[in-house]
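Enquirer: Listed below, chain by chain, are the residues.
2 protein chains.
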Amino acid sequence: DTSGRNELPPKGDAQYNRNVYFDTLPQAVRLYMLYNHWALKVLLYFFMLVNLSLAIFEDPAVYPLPIWATMLVEILCLLIFTIRLIHYAKVILRDKFWKDPKNICIIVILTLTLVDMIIYGALKAANYYGVRWSRVLRPLLLVNVTEGRQLRRAFRSIRNALPQIFYVFMLFMFSILIFSLMALKLLGKRGLTNINGTPYFTSYLEIMFDLYVLVTTANSPDVMMPAYNANFFFAVFFIVYILINTYIFMSVFLAVVYNSYKKYLKEEVRQLVRAKRHKMVRAFGVLQEQREEGGEPVVTQASWNQLVRLVQPNLSNAHRELLWSVSDDKNQGAIGKVAFVQLADLLNIEIITIKSRPHPLQSLCPSLYQSAPSKLLCQLVQHRAFVMVYDLIILVNAVFIGLDEENPMIANSEWVFLALYILEILLKLYVFEPRVFFSKHSFWNWFDTIIVISALIATIINSVMNHFSSRQILDIVFILRVLRLIRVVDSIKRFRIIINTLIRIGPAILTFGQLIIVVYYIFAMVGMELFKGKVTFYEQSSTNLAKAYCGNPLLNGTDFAKLNYCKNNFNNVVSSFILLVELTVVNQWHDILYSGFATVTHISARIFFVLFHIIVVIVILNIFVAFVLEAFFVEYSVDKSDLQTSLERKIEELELAVAQYDNLVNAMETIDNDLGGSQSAKPNLPSLMFKIASKRYRTVDALLQRIFEADLDPEDFAENDDPETQGNENFANPLFSHA
Amino acid sequence: DTSGRNELPPKGDAQYNRNVYFDTLPQAVRLYMLYNHWALKVLLYFFMLVNLSLAIFEDPAVYPLPIWATMLVEILCLLIFTIRLIHYAKVILRDKFWKDPKNICIIVILTLTLVDMIIYGALKAANYYGVRWSRVLRPLLLVNVTEGRQLRRAFRSIRNALPQIFYVFMLFMFSILIFSLMALKLLGKRGLTNINGTPYFTSYLEIMFDLYVLVTTANSPDVMMPAYNANFFFAVFFIVYILINTYIFMSVFLAVVYNSYKKYLKEEVRQLVRAKRHKMVRAFGVLQEQREEGGEPVVTQASWNQLVRLVQPNLSNAHRELLWSVSDDKNQGAIGKVAFVQLADLLNIEIITIKSRPHPLQSLCPSLYQSAPSKLLCQLVQHRAFVMVYDLIILVNAVFIGLDEENPMIANSEWVFLALYILEILLKLYVFEPRVFFSKHSFWNWFDTIIVISALIATIINSVMNHFSSRQILDIVFILRVLRLIRVVDSIKRFRIIINTLIRIGPAILTFGQLIIVVYYIFAMVGMELFKGKVTFYEQSSTNLAKAYCGNPLLNGTDFAKLNYCKNNFNNVVSSFILLVELTVVNQWHDILYSGFATVTHISARIFFVLFHIIVVIVILNIFVAFVLEAFFVEYSVDKSDLQTSLERKIEELELAVAQYDNLVNAMETIDNDLGGSQSAKPNLPSLMFKIASKRYRTVDALLQRIFEADLDPEDFAENDDPETQGNENFANPLFSHA
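Chains as they are written, first to last, in the UniProt record's numbering: chain A, 1 to 739; chain B, 1 to 739.
Among the hints, a few may not be true.
If chains are identical, the list can't say which one is meant, so a pair holds when it fits in one copy or spans any two.
[Said to hold, decoys possible] Under the rule of at most 27 angstroms between Cα atoms (straight-line distance), these lysine-lysine pairs were calculated in the DSSO-like manner:
hint: 1; residue 1: Lys41; residue 2: Lys102
hint: 2; residue 1: Lys375; residue 2: Lys650
hint: 3; residue 1: Lys532; residue 2: Lys547
hint: 4; residue 1: Lys562; residue 2: Lys189
hint: 5; residue 1: Lys547; residue 2: Lys96
hint: 6; residue 1: Lys189; residue 2: Lys547
hint: 7; residue 1: Lys90; residue 2: Lys263
hint: 8; residue 1: Lys99; residue 2: Lys330
hint: 9; residue 1: Lys263; residue 2: Lys493
hint: 10; residue 1: Lys547; residue 2: Lys562
hint: 11; residue 1: Lys266; residue 2: Lys102
hint: 12; residue 1: Lys650; residue 2: Lys547
hint: 13; residue 1: Lys90; residue 2: Lys493
hint: 14; residue 1: Lys41; residue 2: Lys532
FYI, nobody ran anything at the bench for these hints, they're computed from the structure.
Isolated chain A (complex conformation) (with noise of 0.2 angstroms):
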């Protein structure tokens, strides 16, 4: 069935939402789905965090190596992403490559890197000075590749609220200017003294700067030390500037920030739907049957088993039946188009199949399994009890680990401890079948039984060394103890729900860590170039003079090398990182930046910090303050979607539920309620149960469909707004034509 194969790329397309265009001749197809073998794309990933870590090589490097072998490896890099793109131009129509902005993009970055490469060779085997500038455009790529869609649609969110927050900036440098002047009126002419005796707000640029630092807080009392000992009236002045600058604004900036992002996110993700919806219709006209003479045209419950089939050909049949029975809800053996359309929602709800099988050790030795002993102590594990006994037992071992370690009791009771966790696991695995108890879900079994252990190994292979004994591995059976406390929030129900939408949250938060990848990456660059080697750091016990002023004399009785913030230098991209990291956080920026890198440059280096501090702070921070809001207000104020309720009532009719019929089923409720009952509880019980993993959202998409849905028709099935694809409900694509 040829149209069934050839429906497939599309329709893994609505699902994952990717809009590409493609060819539709088999050996295309079979190109297609190469390119999105994920084998493929991990080796992109990969590559691309190969060509991102060789910062970590090159002069300035944590580990030098020569020129040559991360040119060679950068070579090699480029190399693959050549061919990637080669691939991806193989598999794309022509003029909708070159179209493409994302694609120009990837061959100017790869163009300009090579003559930036040539270059820089040439240039250092003349023994000459030269700059890697195209470093900067490394991260790039990660934003450019046909993969890196959550990332790009971040930066258009990003760009789309530019204009409003531009504004707002404006007004608020106003305002700084504004009151930059007043103080100078007030405070210039009356000779007050800084701390270390220079004059104190006497140059507007100096005011201005100040001011800007006080916005973020960092400079808070010092800089209206010297007004406030003068008079006491001109706190007010540092009052009123605070509460206009640092409170109103910067919820201005939120608020700007906040609501062009939701605003541009929910058009972006209304286009989306669209281009999947038009996709499904598309599919739906190949698929289609005419059942009686005027009707409505269907899809036969065996042509969408075909098709599901090949989309997701790991789905096991009774979910596949299930899926068939929340479209086909009055049970006609056929759907139309709405319930049709559905599907690519439908396959995006996550489901967990629980095979309700005996407990193995009941196939082995059904008599004591089923003994009189055996039933008490199940109902012991299960016993609401037990959960508390054993959060007191965590409880007591947090103090344990509290207490200093050098008593030999306690550092024995640690054993103690380990072998309490060890029986916990056993008595579980004893009372449920361990492919439950060990299946994809349960986060916190697999949680507990790593951390404990990982730390049985850690503290074994410590106490066989003890006399050797190394600090790393004692340091992992640390942390290992510790984590272990953590398994105690899941006991509380009101922690749990917090926790679950901070879990569920995670991927999103993961695009945005690496947009501040990409933005410290280019920033590191720059900072390397601008600022390496200027300040050194001297390890704690070497005897160099140059260590009290961090080798630079011009630091020398500086705050920066006072406060020992030697390390804080942009002399290799790891420093690099985390000064920036440091700069995120605003505080100290700006002593930092003044004593330390304005010291050893020039005064203009305060630009690039405070660059840094509206790109980053201003515009990127606020838009993740505004995806966890709205993620929590998503998760407090709706409940689940209209088909999620329908998928969720068919398998209630169905009485294929897992049921909650146990206080220990309750207690060790997870994030997905994953834990089918023991044997014991309920013995006839379907061999086959289903359960939707609560709110949890496959992809990144789905989770954003969710937050928009309210605005979003269901029946809307109007056209993508794109030209192009306009009136194309026949399957066949025009552009094919041309090719």
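Once you've looked at the hints, dock chain B against the given chain A.
Expert: Relative to the frame of chain A, chain B by itself:
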């Protein structure tokens, strides 16, 4: 007409959302009217202010007064409050009075204060040490007086948000505990030292406190530096900590506070609107007439007019007729229940009445005013270029202010600028009708005129007293000069939108101001008792050796003394407040706290500071941010209420709208776009014009109702939830029969 007269108080109540149960006999109504008289309210707030300001004169005082003097004033205040309370008790029904917790609160506060004063007076008379502990109760009066409605609501929404905040806070503390334990295990045994040589991260309590401070970012790189200097990888620990606790948890706090704040406020507003509608329905019951057999009961224009005249005596006839024509849309001479109930909301829409009058000069010497040069002048002044020229002048002025005023040319240029500004005002007064120019809502006209006239007066005084020039007057001149520059913002439309939103949320910000003052006052009183006199500030000129360590040998050599923080103390109420502002800004609180107040008192002093941080920064500031966010979203997302739209449509229909027929009017368009045109532009305008005062709200309640309007059904006349008022459709208050 006594029915109308009796109706009066509930009417006013409905407009301002007061919920008071009162007697309805004529003398009782008079008493109630007196109670609500503005003069008595002003008097109450004046004595409230006096009572609060006593802290300035009481030990530890800014300006010390003998105990008997402050005691006498306080007794006077208590007397006033008692009289006011008795007045209220007379107005309200007795059982209602005793059931209201705020009355009980006031009685308790007054009694406790009296008891404390007697004890304190006796102790002082016997020369014993006494603490005026009842001073912390003073700001609570602000919350509990009948007029403190907004403030009470703010406190209620905080109280309602507390359970949610509490769970997140517990989780947050748990996270700090876990990280502290990890830090102790990882870093405690390495023999690292802080800059001052003390051991690093060895005490569990110290680590917890340091990590709590790190959440506020106040000790950001410093707390990490010793570990980071020892090993690269420890920075990862701190970065993970900051990511989880500073960024994620702080966002979650904002989300939780925002969410519950919104939820409960919405519920409160809904109940208020219900109560208001209920009152209006009761009023309708009194005024209704049956016009035709079996028809709906209606209120005639005559009784409606009488009612409105009683409620708002100073409403112009034309305005009243306009409101009637909105209510009686079909011109039937009577209105039904739905239209009648809207009246309270209609009265809350601020309408600007503009009388189109000829310019006084036109009446005085019409030939001159109508002459060709005069008309040309009018056209010139109204031209867009005129505004641009003055914007340019302002900018040039800004540059001149920034320059050194020692230069005589620049000093004299001030006179030129002043003359130019005065000329501008005179020209505008020549062109526009003065009463229109100085109408109530012409914010920027008033702003300009006041600033320019004050600057003129101050500059003249300053130059007259040139030889014995007073610094204070010069300061005022400088500030006025700089403030003049703000005018330029108004000519840029984009900025105007943002500024208007900010001005609109102003009244609500004032509620937060009160809230903050209540909390600050309590902390200041406690802080003064705990820390007064521990740190002394010496003037710059002082030669006292104790100056180097703030008069406390314990501070010798500490950062607190080195950074010259001596004036950050609790020695009087003013410096306490300034210190609390610094603590709110959070930066350096670690330094102030550790090196400062913990050194001079006890390590447990930090509890005071952490408590302040939790209450003010985590709870109250987040509510403030939530409010600003919500207000901005409302401004961005919705435009005008339905009622406003229908009112505006009616104004348009009646051709009484203030048209924007002129460039100048556009350019001079102020917050309320309220400036009428000049005679020269369109001579045949109606003599009276209306304009809705855009989106400003008369009361905070109206703004809140606006925010949550989308969720309120205008046809919802459900009874108040309070069972005592349920089912009283007729006016006769059943409670009245008890009296």
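Enquirer: Looking back at the hints listed earlier, which ones does the structure fail to meet?
Expert: 2, 5, 7, 8, 12, 13 and 14
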